[in-house]
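There are 4 protein chains.
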Amino acid sequence: MTKNRLEAFSDGVLAIIITIMVLELKVPHGEEMQALLPLWPRFLSYVLSFLYLGIYWNNHHHMLHATERINGSILWANLHLLFWLSLIPFVTGWMGENHFAKVPTGLYGGVLLLAAIAYWMLQQAIIREQGRDSMLARAIGKDWKGKVSPALYIVAIVSSLLNPAISGSIYLLVALIWLIPDRRIEREIKKTEQGAATNADKPRG
Amino acid sequence: MTKNRLEAFSDGVLAIIITIMVLELKVPHGEEMQALLPLWPRFLSYVLSFLYLGIYWNNHHHMLHATERINGSILWANLHLLFWLSLIPFVTGWMGENHFAKVPTGLYGGVLLLAAIAYWMLQQAIIREQGRDSMLARAIGKDWKGKVSPALYIVAIVSSLLNPAISGSIYLLVALIWLIPDRRIEREIKKTEQGAATNADKPRG
Amino acid sequence: MTKNRLEAFSDGVLAIIITIMVLELKVPHGEEMQALLPLWPRFLSYVLSFLYLGIYWNNHHHMLHATERINGSILWANLHLLFWLSLIPFVTGWMGENHFAKVPTGLYGGVLLLAAIAYWMLQQAIIREQGRDSMLARAIGKDWKGKVSPALYIVAIVSSLLNPAISGSIYLLVALIWLIPDRRIEREIKKTEQGAATNADKPRG
Amino acid sequence: MTKNRLEAFSDGVLAIIITIMVLELKVPHGEEMQALLPLWPRFLSYVLSFLYLGIYWNNHHHMLHATERINGSILWANLHLLFWLSLIPFVTGWMGENHFAKVPTGLYGGVLLLAAIAYWMLQQAIIREQGRDSMLARAIGKDWKGKVSPALYIVAIVSSLLNPAISGSIYLLVALIWLIPDRRIEREIKKTEQGAATNADKPRG
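Protein chains in written order, with our numbering: chain A, 3 to 207; chain B, 3 to 207; chain C, 3 to 207; chain D, 3 to 207.
Be careful, since some hints might not be right.
Since the list gives no way to pick out one identical chain from another, each pair is judged satisfied if it fits inside one copy or across any two copies.
Capping the alpha-carbon separation at 27 Å, the derived lysine-lysine pairs in DSSO-like fashion look like this [what the hints assert, rightly or not]:
1. Lys5 to Lys28
2. Lys149 to Lys104
3. Lys149 to Lys28
4. Lys5 to Lys147
5. Lys28 to Lys104
Hints in this document: simulated from the structure, not taken from any laboratory.
On a predicted model such as this, the values are computed, not experimentally measured, just so you know.
With the sequences and hints as input, model every part of the structure.
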């Protein structure tokens, strides 16, 4: 019950964040195709942020699917994650309006970095409650994606001062790393369920 | 559980998309009836898009009702559909503000076409997971509506260059084709449930 | 399952409608108390519309609680109701900005009237599916509130041409009529449940 | 069932309130770091309100978790609470835009005070329905936080006329008081569940 409501609230916030970003795509004046041209950096930044929020929703979904118990720390760690994600429409709009200029592109990476840290803290809070031997702890394992992403964000933030195009490419790269489906948790859930099934099938006498 | 959350997130996004469109209906200055007159193309485009989003919600609802298992591809195919639908408020506003001018009316059809393709891809991803003999695969059958709509969108996009009134009429026509209730999935579900009931009623000895 | 998703989608849309109205309360320039003064008609219209949307949510909630089966007509009748309710932020903003002027106040009543008709159509669609003897049909009974409200809206629309203050008072009156808790459906549900309990308690031999 | 929908609607409204506040953080013109500087009071007020709404969601969540039955008064008391919370984006924006000036900072406290009163009324309505001996009544106990907060809000409102910095510190203090996890309800639920388990384990004869 408690878990359901945490998911419902997170889904609500993520759905709104992902949708209000589109309000930054202001309807242009003028009815010709060229009226749309000045919008392309905003559109590009919208697509990038849509991808990131989709990835967060997807991973959040899988992580909570493997979660059995919720406590107060998990609730607050989740709100902390939602706080940083709620700033994504702002930095997306700033980066898009300024055509991927240095400072906005760096700040975008800063928010992604803080969201990644918040996600890691949420993950730790959940593992602490479920136990080191829980399905989730096993499923996450070495978590190389979770470790590589913050490092890449820091590289992108630093390189935004030199050339924001590098930063943009890194943001896209990280998104693609995550888009490749992460079968770890799915596999572990299946394994656990099959294990349960096998145990249930064993003769009891 | 997984399916519930996919539905909840999609419902959230669709509910927000359908509602933020109304923000494009800006409160007019002036308190007389004629202050409302310049709003009619926006209102018309709002009604059209409300219909389309209602149809998508309805079909999405039926399709997922007949879905039993979810996987990673389905999650992403669903986000892909939501992406194109999230652009509907933008093209609705552009088309309405420019009184159904050529390019905005054509672009509206372009977004409808891409959403239709995304819906078809989601349908394929779901069928692939449930199996060719699943309730959903049988329910969809020949899917003439799903095949005719993209063709009509393409006709509408082309004809927008000549006369956007033709395109507008085609968009309305497609909406009406879908509004006529599609009893296929409902019927198939009922059939399956009755089949199950009949089997359960059969004497077991 | 189907009912749950209808409720979730309606809850989403109603929650968004009720909340985006507050965006019409634009943050005033100036930091003194008198900067707030020009906002009072908007605030008043916000309170009125919040009340109405709260009443609709409440009644919708009770009606669906007593609903057992959903079909395609119910889904569309529900979307039809949501369409008229989605226009409430627009007419609220127009009425508030123009200090309850004649035409905006009349139009507000027009949208309330159309929403009331849409609610009645939804109610009929639900009763048709559940059957004349269903819990819901018995619970609604003579439905005097549902019959008196549209009549009062029409009176308010007509009198808006003479004196919009009369219309405003009528809108408030209708809201108060509905605020007085409607125990009909609650009572009928309790009766049915007790009946079921009594039957279950009866000795079966 | 009824409780689920009350939670879903409240989650929806709270999720939207918490997210539309971010729309007040308008994307600045200019691509340099100093373009962000004028935004810091808005950002600060955003963080404060995010904290408050997070606390409300958290407490609401726990309170309803311990609730077993819903009635009409509870539905309306809940809508009353949501009404005051829906004004938080407005007062947040006003306070932030005016750099924590006297009147806006006082009004912010006024809305917090009215929301606190509405929360207390909701709590009373729920306890009345569950009974004085219910799990919730025991869990809340003396409710010192619930009693101290309104008193502190009143102090903050009064001191805003002298020095709004004092008010701001008090708002932060109250938030921190609530952030310290309130284990009362969690503990009481656990106790009740263990009690039930113990009773179930007892030999029955």
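Hint by hint, here is what the structure shows:
1. Lys5 to Lys28: This pair counts as neither: shortest intra-copy Cα distance 37 Å, inter-copy 34 Å.
2. Lys149 to Lys104: within (25 Å within a copy, 46 Å between copies)
3. Lys149 to Lys28: neither (37 Å within a copy, 33 Å between copies)
4. Lys5 to Lys147: Both: 25 Å inside a chain and 26 Å across chains, each within 27 Å.
5. Lys28 to Lys104: Result: close both inside a copy and across copies, 23 Å intra and 19 Å inter.
Going through the hint list in order, the structure does not satisfy hints 1 and 3.
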